[in-house]
Amino acid sequence: MSLSLILPMSAFALAASISPGPVNLVCLSSGTRYPIARGLVFVTGATLGFIVLFLAVGLGLYSLMTMVPMLEDLLRWAGVAFLLYLAMRLARDSGDLPEDDARAPGFATGALMQWLNPKAWLASASGIGAYTSANDLDTILLFAVLYLPICWLSLATWVYAGAFLRRHVQRPAVLVTINRTLAALLAASCVYLLLG
Numbered sequence: 012m013s014l015s016l017i018l019p020m021s022a023f024a025l026a027a028s029i030s031p032g033p034v035n036l037v038c039l040s041s042g043t044r045y046p047i048a049r050g051l052v053f054v055t056g057a058t059l060g061f062i063v064l065f066l067a068v069g070l071g072l073y074s075l076m077t078m079v080p081m082l083e084d085l086l087r088w089a090g091v092a093f094l095l096y097l098a099m100r101l102a103r104d105s106g107d108l109p110e111d112d113a114r115a116p117g118f119a120t121g122a123l124m125q126w127l128n129p130k131a132w133l134a135s136a137s138g139i140g141a142y143t144s145a146n147d148l149d150t151i152l153l154f155a156v157l158y159l160p161i162c163w164l165s166l167a168t169w170v171y172a173g174a175f176l177r178r179h180v181q182r183p184a185v186l187v188t189i190n191r192t193l194a195a196l197l198a199a200s201c202v203y204l205l206l207g
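Quick note: the sequence shown uses the numbering used here, first residue 12, plus one each step.
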């Protein structure tokens with residue numbers, strides 16, 4: 012593989028991974044509420060969930076969805092329900108920093124969230140379409156190998172941004188405002204999913 016393919020793939024992966032979306036907002040929220048290590052567990056689940064989704068799309072899952080449109084609708088509604096659940100939890104949060112991190116979103120939540128995240132589906136389908144040709148397993152695997160560290164580092168950046176906020180904004184009233192803003196953004200992303 013040439014550098015002329017690796018650089019654009021990497022740039023695409025960075026742009027798709029670091030740009031705001033539902034998973035990034037949960038990473039930010041996790042960083043404000045829980046220890047960084049707990050946020051990074053979510054990041055690892057989300058990253059590996061995305062890579063599995065990316066490979067599945069590259070190997071033909073997207074074709075199946077175009078043949079059975081009901082699957083796309085089912086995925087959209089499941090994603091909206093899951094995002095609204097997360098938004099509700101954020102909106103109801105008291106702003107008090109938890110003593111234990113048992114309620115922090117974990118590995119499985121991160122992995123599942125990517126499969127219910129239309130942004131992840133769009134990034135997978137458009138990346139595969141733009142940089143690989145049909146049934147070119149070597150190029151799909153190369154893209155996935157590039158995506159893995161880029162996605163993990165991008166999502167981790169959002170956790171660290173949340174931890175930065177937590178360090179500098181310790182008042183519960185401010186954290187309530189941050190959490191409700193994030194909840195509103197998650198709910199707004201649901202409106203976009205339903206209308207888009």
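Think of the hints as simulated: they come from the structure by calculation, not from any bench. Misleading hints may appear alongside valid ones.
[Claimed, not checked] Distance windows between CB atoms, simulated: (1) R114 to S13: 42 to 48 angstroms; (2) L164 to G117: 18 to 24 angstroms; (3) I17 to L206: 35 to 41 angstroms; (4) A22 to F175: 37 to 43 angstroms; (5) P183 to L152: 28 to 34 angstroms; (6) L133 to A92: 27 to 33 angstroms; (7) V79 to L14: 37 to 43 angstroms; (8) L123 to L70: 15 to 21 angstroms; (9) M99 to I29: 23 to 29 angstroms; (10) H179 to A67: 23 to 29 angstroms; (11) L206 to V79: 35 to 41 angstroms; (12) D149 to R114: 40 to 46 angstroms; (13) L14 to L205: 40 to 46 angstroms.
Beta carbons: idealized from backbone N, C-alpha and C, even for Gly.
Hints versus structure:
For R114 paired with S13, a C-beta distance near 47 angstroms keeps the hint of 42 to 48 angstroms intact. Range check, L164 to G117: about 20 angstroms between beta-carbon atoms, so the 18 to 24 angstroms window is met. Remark: the range hint 35 to 41 angstroms for I17 to L206 is upheld by a beta-carbon distance near 36 angstroms. Between A22 and F175 the beta carbons are some 26 angstroms apart, a value that contradicts the proposed interval 37 to 43 angstroms.
Look at P183 against L152: about 47 angstroms separates their beta carbons, and that is not inside 28 to 34 angstroms. At roughly 19 angstroms, the beta carbons of L133 and A92 sit outside the given window of 27 to 33 angstroms. A C-beta distance of roughly 39 angstroms is found between V79 and L14, which places it inside the suggested range of 37 to 43 angstroms. At about 20 angstroms, the CB distance of L123 to L70 agrees with the hint of 15 to 21 angstroms.
Between M99 and I29 the Cβ separation comes to about 26 angstroms, which falls inside the hinted range of 23 to 29 angstroms. Evaluation of the 23 to 29 angstroms hint for H179 and A67 yields a failure: the beta carbon distance comes to about 40 angstroms. Distance hint for L206 and V79: a CB-CB separation of about 22 angstroms, inconsistent with the stated range 35 to 41 angstroms. Between D149 and R114 the CB atoms are about 42 angstroms apart, so this pair conforms to the stated range of 40 to 46 angstroms.
Between L14 and L205 the Cβ separation comes to about 41 angstroms, which falls inside the hinted range of 40 to 46 angstroms.
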